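Q: Read off the chains here:
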Amino acid sequence: MFDGGKIWTLLLIFLALMLFPLWYQKGDAVPAPEPELTAAAKEAGKCVESKEFMTTQHMKMLDQWRMEVVRDGERYYTSTDGKTYDKSLQLTCMECHSNKSKFCDKCHEYAGVDPFCWDCHIAPKESE
Amino acid sequence: MGIDRRKFLKIAGVSAMLGISGKAGFELLAPGDVEASVKDIPLTTANKWGMVVDMHKMTDTVLEKCQNACHTIHNVPDWNNPRIEIKWNWSETYEHVFSEREHEYLDEHLLEKNIFVACNHCDNPPCCRVCPTRATFKRDDGIVVMDPHRCIGCRFCMAACPFGARSFNYGDPRKAPAEYNPDFPTNPDYPTRTKGVVEKCNFCAERLAKGQLPACVEAANMQEADTIIFGDLSDHSSNVRRALREHYTIRRKPELGTGPNIYYIV
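Respectively, the protein sequence lines represent chains A and B.
Under my numbering, think of the first position of the first sequence as -8, with each following residue one higher.
Under my numbering, think of the first position of the second sequence as 6, with each following residue one higher.
Okay, chain B solo, but in the shape it has when bound:
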C-alpha cells in the first residue's frame, strides 16, 4: 500500500480535476498493479452476444451432439417424460419454429428439416419484464440469465416466453430416474438446479468468462466449421456480422418485437 488517507485524497482530488479517474487513477497510485491483478484472467466480453445458425450444415446428428454437449455440461437431467422435460437447446420442425413462414408448397427439405432452437436472448425479453423477483434479467453483454437463487418458481417467465425456451424443475434433478441419467451430475464443476426453479440456456456465460465458446457451438463446429457462428453482434467486423452480411437470415417470430438474437441461414 504505502499511501495514507491524506495522500490518497490529494491524488484523488487532483486526478478528478485533471479528469483522470478509474484505471488511470490507479496507475498513478500504484503503477502496474491493475495489470498484474487481472493478467492471466481470461474474460471474454462483448456488447451483444449473438448466434447465427447455418441450417444447410445443421443435420440431425449435429443437433443431437449440440444438445448432448449442452446438457452434459450443465447437468440437465433426462426425465424421459415430455410433460416435465428440461431442455436448454433442442430441435423442432420448421413448421413449429417458423410457423408464420410455413406454407404447403415449401421446399420439402426445409419442411422436414429439424431446426436448432434455444433461448433467443432477446433484446427486449418479455421473461425479464414479468419476473417478480428479477431472478431473470438481461446482462450488459446481452445474455438473458437466470439467477436460481432468487427464483420462486412462479413460472410467469415461462408463460411470457414466446419461444418455449424455459423449463421448470417439477422434481429435484438429482432424483431424476437413474436409468436415463446413469452418471448424474455429469459435470461436477457446475451446479445442478433444485426442485421448483426455472432454467434455460445461458449462452454458456460461465464458459465465455473463461474464454471458451458455448458448448453447442463447439460441438456443432467440431462436425463442420461455421455450423453455428457465435460472436459480438455490436461489432461491425465480427464473425456473426460478416455472416449476416453475406447470407439471407431469418429469426423466430420477429413480429412480436422481442428482438431475438439467434439468426438462421436458410
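If we strip away everything but chain A, and leave its shape as in the complex, we get:
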C-alpha cells in the first residue's frame, strides 16, 4: 500500500475529531436533575396521585385533563384516594408547584422537551 502511514494517521486524526463529543464528555455525564419542591408542595406531602405516577404520567394526565375540561366540560378530578381536584394546570398544579423554573423546567430542559403550555397558560410569578 502506498502512503499507508499517511492514510492511517489522517484517518486516526479524522476519527478523533469526529468522535470529539464522545471522548470529551467521557466520564462526566450530567446527573439527572432533582426538581425542587416548594414549601407548599412539601407540606401537602402528596400530589394528586403518587409520586411515581406523576413522574411518568403527568403529561398524559394533563393532556387528558385538558381534553375533558375543554371538550366535555368535566372540570373535577377525583383521585384514587377519593379527593376532588379542579382539573387546572394554572390553578391546581401551579398552586403548589409555584416554582416553574426549578420544578418544571429543570427536567424539561434536561430531557430536551419544550412543551408549549406556557405559550398561553400563565406561570406563577417567582420571587428572587
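None of these hints come from the bench; they were simulated from the model.
Wrong hints could be hidden among the right ones.
[What the hints assert, rightly or not] The list that follows gives simulated cross-link-like pairs (lysine to any residue, SDA-like), each with its CA atoms no further than 25 Å apart:
#, chain 1, residue 1, chain 2, residue 2
1, B, Lys180, A, Asp96
2, B, Lys53, A, Met58
3, A, Lys74, B, Ala214
4, A, Lys116, B, Lys53
5, A, Lys51, B, Ala214
6, B, Lys215, A, Leu53
7, B, Lys143, A, Arg66
8, B, Lys200, A, Glu100
9, B, Lys215, A, Asp54
10, B, Lys215, A, Leu82
11, B, Lys215, B, His241
12, B, Lys215, A, Met52
Keep in mind it's a predicted model, so treat the numbers as computed, not measured.
We have chain A already, so just place chain B on it with the hints.
A: Relative to chain A, chain B alone:
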C-alpha cells in the same frame, strides 16, 4: 372500596336486569359516595344558554363596562389597531347590527344607538361546520367554544361567521403594546392565547362552571338590573323565557338560519 371484581359483576348484572344503572348503581355499591364527592362543587348547567339584551337600558357607559369586564377577565389585549384588534364583545351601530331592518325614517334614537354584540352561540353554527380540526364546537349546553389547543389558525371560522364575532391573533398577545396594556395579563387565573389562534366570546363557560354569571352580564346588571338577562332558553319558566314572552325581541340576521341565541329588546 371493599368490593371485589366478582361482587361488582354480580351487582352490576343484577342492577342491569332491574334497570338500575348510573347513579343508582353507585348508590347500591357505596351509598352516599357520589353525593359526597360532588358536594360543594358548584356547577351550573343548562340545556341551552341564551341572552336577552334590553336595548332601552343599554347605554354607552354600560357597553364600555361590559367590554372592559370581559376583556380584563379573559386577558384580551388591546392592539390599538382596528386591523388586528381582538374583541369578545363590542358595540356596533344599529345599521350595522340590524342592516336588514334599517330604513331612513327609523327612530333617531334607535339609529344612533350603539348595540351590544358578541358571539351569538348559534343553534346551527357555521363556524363549527367549517372547522377542519373541530377546534371550535358546540357544547351540549349550547355554548360554542374554542379549543385553542387544536386551532391551526386557518381562519375558516372567521370567514364562516356572519356576525364577525371571531378575532385572530396576528401577534403574540403578550407582546401587545405595553402602553395600552399596562398590566397584561390582567387575570393571572385565565390563560392568554398565543399567536396564530382564533378566539371569541365563550359565554364565560369557566365562570358558569363556578356558578357565576358571565362577566358582561354581571357588569351590565351592576348599572341597572336586567340590562342583560342570561339564562336557560330551554326552560319555560326561566328568566330569559319570561323576558321573551313579555317583550318583542329581535335577533341578528335570523334569515341566515344559524339560530342566534342573543335576543334584543328594542
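Q: Can you give the numbers of the hints that this structure goes against, from lowest to highest?
A: 4
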